Each structure stands twice: as C-alpha cells, then as structure tokens.
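Asker: Below, each chain spelled out in residue letters.
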Amino acid sequence: MFDESGPIFVQLADQIERRVLDGTYPEDEQVASTNEFAAFHRINPATAGKAVNLLVDRGILYKRRGVGMFVAPGARERLSEQRRAAFAAEYVRPLIREAAALGIDLPTLVTLIEQERS
Amino acid sequence: MSIAIEITDLHRRYGSTTALDGVSFAVEENTVCGLLGRNGAGKTTLMAHIAGQERPSGGAVRVFGHDPVDDATVLSQTSFIRDDQRYPDDFRLSHLLSIAPAFHRRWDAGLAASLVSDFRLPTKLAIKKMSRGQASAVAIVVGLASRAPLTIFDEPYLGLDATARQVFYDRLLEDYAEHPRTILLSTHLIDEMEPLLERVVVLDRGRVRLDCDVDEARASAFAVAGTTRAVQAFVADRRTLSTHVIGGLMTATVDGPADDRVREDADHAGVELSSVSLQQVVAAVGSDSDSHAGAGAALTAAVAADPEGARS
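Protein sequences, first through last, are from chains D and P. Under this note's numbering, think of the first position of the first sequence as 1, with each following residue one higher. Under this note's numbering, think of the first position of the second sequence as 1, with each following residue one higher.
Hints are computed from structural coordinates only; laboratory data are not their basis. Just so you know, nobody snuck in bad clues.
Ranges of calculated distance between the beta carbons of each label pair, as one might list FRET restraints:
| no. | chain 1 | residue 1 | chain 2 | residue 2 | range |
| --- | --- | --- | --- | --- | --- |
| 1 | P | P122 | D | Y62 | 49 to 59 Å |
| 2 | D | E29 | P | S57 | 57 to 67 Å |
| 3 | P | H66 | D | R83 | 49 to 59 Å |
| 4 | D | A88 | P | S114 | 50 to 60 Å |
Below, in silico cross-link-like pairs of lysine to any residue (SDA-like), each with a Cα-Cα straight-line distance of 25 Å or less:
| no. | chain 1 | residue 1 | chain 2 | residue 2 |
| --- | --- | --- | --- | --- |
| 5 | D | K63 | P | A177 |
| 6 | D | K63 | D | E27 |
| 7 | D | K63 | P | E174 |
| 8 | D | K63 | D | E36 |
| 9 | P | K129 | P | S98 |
| 10 | D | K63 | P | H179 |
| 11 | P | K124 | P | A112 |
| 12 | P | K124 | P | A164 |
| 13 | D | K63 | P | N30 |
| 14 | P | K128 | P | H95 |
| 15 | D | K63 | P | P180 |
| 16 | P | K129 | P | P88 |
| 17 | D | K63 | D | Q82 |
| 18 | D | K63 | D | D14 |
| 19 | P | K128 | P | F91 |
| 20 | P | K128 | P | Y87 |
| 21 | P | K129 | P | G159 |
| 22 | D | K63 | P | E178 |
For clarity, every value in this text was computed on a predicted model and none was experimentally measured. By construction, the Cβ of each residue, glycine as well, lies at the ideal position given by its N, Cα and C atoms.
For reference, chain D alone in the conformation it holds in the complex:
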C-alpha cells in the first residue's frame, strides 16, 4: 500500500486526496478517524495523524470539535485544479519523452491516443 517514494504520511494524504477527487469522500461528509485510518492501513496512529493534519493545512479537511474530520467544501474543485496544473508535467511530458525514445512521431502518438479513447 505504501512504497519508498516518500514519507508514509504524505503517501496517505495523497491517497485520501484521490478519494476526495473521485467522490468516494463527498464534501461535508465525515471521513474515517485517525485511529481508523491507522488500523486500516496498519500504520502508527501518529503517522495517520500527520496525514490528517497535512490535509487540514491544505484546506482539504476540517475538524468539527467532538465529532471528527470532514471534507471541506470546495475541496474537490481545488484538488482538480491542482491536478490539472500538474497534468502536463506528470503525464504528458513523460509520454512525449518515451514516444521520442521509441521513434513514435507526433501524428502517430495522436492517433494512438484517439484509438485508446474509443
């Protein structure tokens, strides 16, 4: 569930963000508690707490005192904006680099993308 790419709490925060983005965690709905995240992912509760705090700092989650953590209104839109901004660097650039290494020219690449879509 976690790899060597970075701190576990950052990876957990990214996973929770993806679930907010795909609507698994709707806005203004409660998410799992720190201890539930810890038990589910088999990690130290302090590590799960760090992930939740990171998301509070990013404005993705907010705390209702005595109740728990909730998805912030507008979180989904904000996350899609961020991901759209990073899309070129994270997906398009590596795609073009790999295509160039394989000698696939631009028209062929476009055709491939269109084929995959249909």
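Following the hints, complete the assembly by docking chain P onto the known chain D.
Answerer: Just chain P now, with coordinates in the frame of chain D:
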C-alpha cells in the same frame, strides 16, 4: 509531552568488551520507538538496562524519572520479555496467565485470551516444550495484555509465521490506539515493521548513530544509480554511506537530504536519484567494516541487510 525513557552517556563494559559506549537519547511517553542496528550493536544490553536488569558502568538511565534498578514503582510499570526468557520446567501458559495479573496492574485477561486464540497457542503444553514461534507468541501475549506503561519487545517475531506476525502488528496497533503507552521494540524486519514506528534509534557498536522520526531517517539519505564513471563523479565531493558496483554500473547511498541542488547535479551528471527505505538507511549505517565507526569515511561495503539475522 513528558519523557518516558531518558538515557545519558550510558556506558557498559563487560571485562574488556565495551557493549555500550556513551549512549544518550530520550523517548517521549506514548510513542512506538524502534531500536535498530546490527547483531552485537548493543540493543539487548540497552533494553536490559532500561528494564532495570543491569547496572550501568557509567552514565544514567531514567524511566518515568527514576533509576529503574530495584525501583518497585518503575518495575511494576515495565514489561520486558527477553527473547531468551526462561520458565520453570513444567510451567504452562495457563499458569503464566493466572499469575500475570499479580505483576501487571493493568493486565487485561480478555485481551490475553483473545491473543492466545489468535496465535492458536496450547495452554496445557509446558512453555519449555513450545516451538520458537510459540514461545515468541507467549511473549507477545504477556507484553500486550500487560498494558504496561513501558513495554519492551526484544525481536518479538522470532520464529513467527507470516500470519502470526500480521496478527501481532494488527493487535499491537489496535490496542495501542485505544490504550496509548510507550513501546520500545528491537527488530531486524525493518521494512515490515517500519509502519508501526514513530521514532527510531539506530545503534552501531554501542553508540547511537541515528535518533529521529522515521520520516526524518528516510530523508536523511538518498540513493543514486548510473554508470560507474557518472556515479563516481557525482559522489566525489559527497559523503557516501555505502556503494555497490557491478559490471560498469554503480549505486551509492549518499548521506544528506536530496535537495534541489542534488537534483540539479544529478540531472547534469546523468545519474538517477531515488529515495531510500528505512532498511537501506540502517543497513548503510552498519555497513562499514573498519574499526572507526564511519566518521566521515567513504565506505565501500555493499548494502546487505539480513532480515532474518540471529538475535543480537
């Protein structure tokens, strides 16, 4: 937060052998701290001192603010199962479970019973006749069910199968979340147990080599790979913890964080950067074979972790 364990300049010598050579660190209350390092690094000796079973040659150990040696208050709050724990000849698990509450004020019989069932432990077999894995499971049952404010596990997984280890990790996290306490555990199964830990202390040759959060430990080094020539050029003015060369290719574990400058240099040198696991960091710390514990020296031993290593 208050401090559960505080160790100051602890020395321990056995004749001409120095087991602990100026160890200092502190563990905050209600954390899970991993004690890591190679066999013979001093982990078990250090745990025995924290449990009040050994007297220091020099320096001080404080547990909940007191010297644990002969201190009934501290000892009643400590649970330490050695990996070579001995029991009377015909002593059965059922005997152990019935006397344990006398030693541990917070003993939870229900938790003990459910752990015994999860580990499928025979209650009527003499503990002495149990397999290595079963004896480990007994130690885990006592360690967890005691709910001691300070619980020490010395390589608690020896001989346990994969299912039993998963049971241990799950039950530890579950019970720790509900009943926070200070847990100190030594392990060689670093990849497997890293997610349980919040802090790590890495010992090598009786000295503390790393004492920080798990995240900081991981970020304290990075790996670089490429052609031998390119990697050598890249690491020329950097401190390497370990290197590995095979057929014109080289990888090196480099001390320090992978900051922007490192990324730029790596791009420039045509070498590939990657982050390292906690296990790689610990293996690199213990990889120097000369007698000077890596004080700025470039090391050339291959990173070789030994996950099933014998007890220290």
